[in-house]
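Peer 1: Chains as they are written, first to last, in our numbering: chain A, 5 to 279; chain B, 5 to 279.
Check before you lean on any hint, since a few could be wrong.
Footprint (simulated), chain A over chain B, 3 or more residues, beta carbon under 8 Å [what the hints assert, rightly or not]: (1) 59–68; (2) 75–84; (3) 106–112; (4) 123–133; (5) 165–173; (6) 253–266.
Read the hints as simulated data drawn from the structure, not as lab findings. From the three backbone atoms N, C-alpha and C, an ideal C-beta is built for every residue, glycine too.
Protein chains: 2
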Amino acid sequence: MTKKQLVSEIKKKASFLCIGLDVDLDKIPKHLLSLPDPIFEFNKQIIDATHHLAVAYKPNTAFYETYGIKGWEALEKTINYINKEYPELFTIADAKRGDIGNTSSRYAKTFFEYMNFDALTVAPYMGQDSVEPFLEFNDKFTILLALTSNKGGLDFQGLQTGDTKLYQEVLKKSLTWRHSEQLMYVVGATKPDFFKEIRAIVPHHFLLVPGVGAQGGDLHAVCKQGLNASIGLLVNSSRGIIYAGNESDFAEKAKEKAQELQREMQEILQQQHLI
Amino acid sequence: MTKKQLVSEIKKKASFLCIGLDVDLDKIPKHLLSLPDPIFEFNKQIIDATHHLAVAYKPNTAFYETYGIKGWEALEKTINYINKEYPELFTIADAKRGDIGNTSSRYAKTFFEYMNFDALTVAPYMGQDSVEPFLEFNDKFTILLALTSNKGGLDFQGLQTGDTKLYQEVLKKSLTWRHSEQLMYVVGATKPDFFKEIRAIVPHHFLLVPGVGAQGGDLHAVCKQGLNASIGLLVNSSRGIIYAGNESDFAEKAKEKAQELQREMQEILQQQHLI
Chain A
5 MTKKQLVSEI
15 KKKASFLCIG
25 LDVDLDKIPK
35 HLLSLPDPIF
45 EFNKQIIDAT
55 HHLAVAYKPN
65 TAFYETYGIK
75 GWEALEKTIN
85 YINKEYPELF
95 TIADAKRGDI
105 GNTSSRYAKT
115 FFEYMNFDAL
125 TVAPYMGQDS
135 VEPFLEFNDK
145 FTILLALTSN
155 KGGLDFQGLQ
165 TGDTKLYQEV
175 LKKSLTWRHS
185 EQLMYVVGAT
195 KPDFFKEIRA
205 IVPHHFLLVP
215 GVGAQGGDLH
225 AVCKQGLNAS
235 IGLLVNSSRG
245 IIYAGNESDF
255 AEKAKEKAQE
265 LQREMQEILQ
275 QQHLI
Chain B
5 MTKKQLVSEI
15 KKKASFLCIG
25 LDVDLDKIPK
35 HLLSLPDPIF
45 EFNKQIIDAT
55 HHLAVAYKPN
65 TAFYETYGIK
75 GWEALEKTIN
85 YINKEYPELF
95 TIADAKRGDI
105 GNTSSRYAKT
115 FFEYMNFDAL
125 TVAPYMGQDS
135 VEPFLEFNDK
145 FTILLALTSN
155 KGGLDFQGLQ
165 TGDTKLYQEV
175 LKKSLTWRHS
185 EQLMYVVGAT
195 KPDFFKEIRA
205 IVPHHFLLVP
215 GVGAQGGDLH
225 AVCKQGLNAS
235 IGLLVNSSRG
245 IIYAGNESDF
255 AEKAKEKAQE
265 LQREMQEILQ
275 QQHLI
């Protein structure tokens, strides 16, 4: 998918919502557990109920790997289902990969070619040659960890290095890499005060913003400094949406939560004259 | 496995060799490709031929994920084979994972419980609460990326932050984390000049050292500053060993390469009076 297509889809739906598919067999409705593939069945019903309200879906690979081969089957079925039924959706493998060049190339092939995700989250610690192999794929996006939403996010990312902080260095250096136009950045919603200075460095790139919902981030605070002329935000909610209910009407409950967020987003986009 | 058991095994074999199982179907001998599981068959023959010369095996998960479910099956068969046939071997999943707390817990369960690896490589960028979930497992080791062997390794790791460099901060801070005795560190063999200052910060921990062989690192230079009283090094070679041959005698060729390295290691250990 191109950035233009993504922006067009956001405007059409008046939503920049990303739904995190972090499926936990201990949390999904009990009646699904007797089915042959409860993880996929859960995802399918969530996606069917919310696809008109969200523009992106983000399975976190940890939640699939933990079930071994069955988990990977469920992940493959999920991405294939989205690509077949809802090709207009932007798909993100939240895998936080990154390794030496020839190994990163492998990861890139896995997620961009074999599984056909639109985007992949990548950790920057190993530097330029660990990230560039991901950037070589046309119309695929590498979402680099910049400032993460967790408590320890600032342990290293917040360290002062020369005139700037480490996460700012990550943003700045990454802009000099080959095909840097294919970059997006992870910036946690729990750190809204940082969005202004982040936008000063990367005014045009998309930011993937986790941490709204269960982690306590505030949508309005994020949007105030985070939105740009082509919207430039994907705001993720995982647990707050997918576990809104855990009875047979769980998908309906998820839809209600997604609708709430979509309406808030629509209001914000209208206020800012972006739609 | 405990650290004591690992050290005892190193002394017994006079070897601190780790063999990287980065299996690429384009590089393995052609005659294996017609078998039902060529990746596992390749690994099995390599392990059978070299298990008396190495103390650790390190599959890089990227090379398995890239073949989808078949790749994960091969990875599971490989770790199960080692754990059953050669339980004295130290097993490392080179996965470079790391995420927010509840997600890191998932990864830890996957690799330490479900697959029963002894150790896992983890990226530090997300800080304390992204790493501590891995440290909670008894007799399991978290191998934190400190200074990596690739060209871009210093892009961020080498940044000056206060009096120290980022990789030194990673070492220092990590020592304050809960169960830090379960940490080991990745330090690239291509950066031998750094071992002295690294040993000043982490004198007692094991270092996993990739980059000998195909990446050009020098074993003697690494050992000079890297060895400690309980040896404290695992030196990895992947491509240099497993692709030493690609005919029907590939396992024999791998054994010869492993033997060369083991002999060098034995000599070094004897010179330093460590065995």
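Peer 1: Are any of the numbered hints broken by this structure? If so, which, sorted upward?
Peer 2: 6
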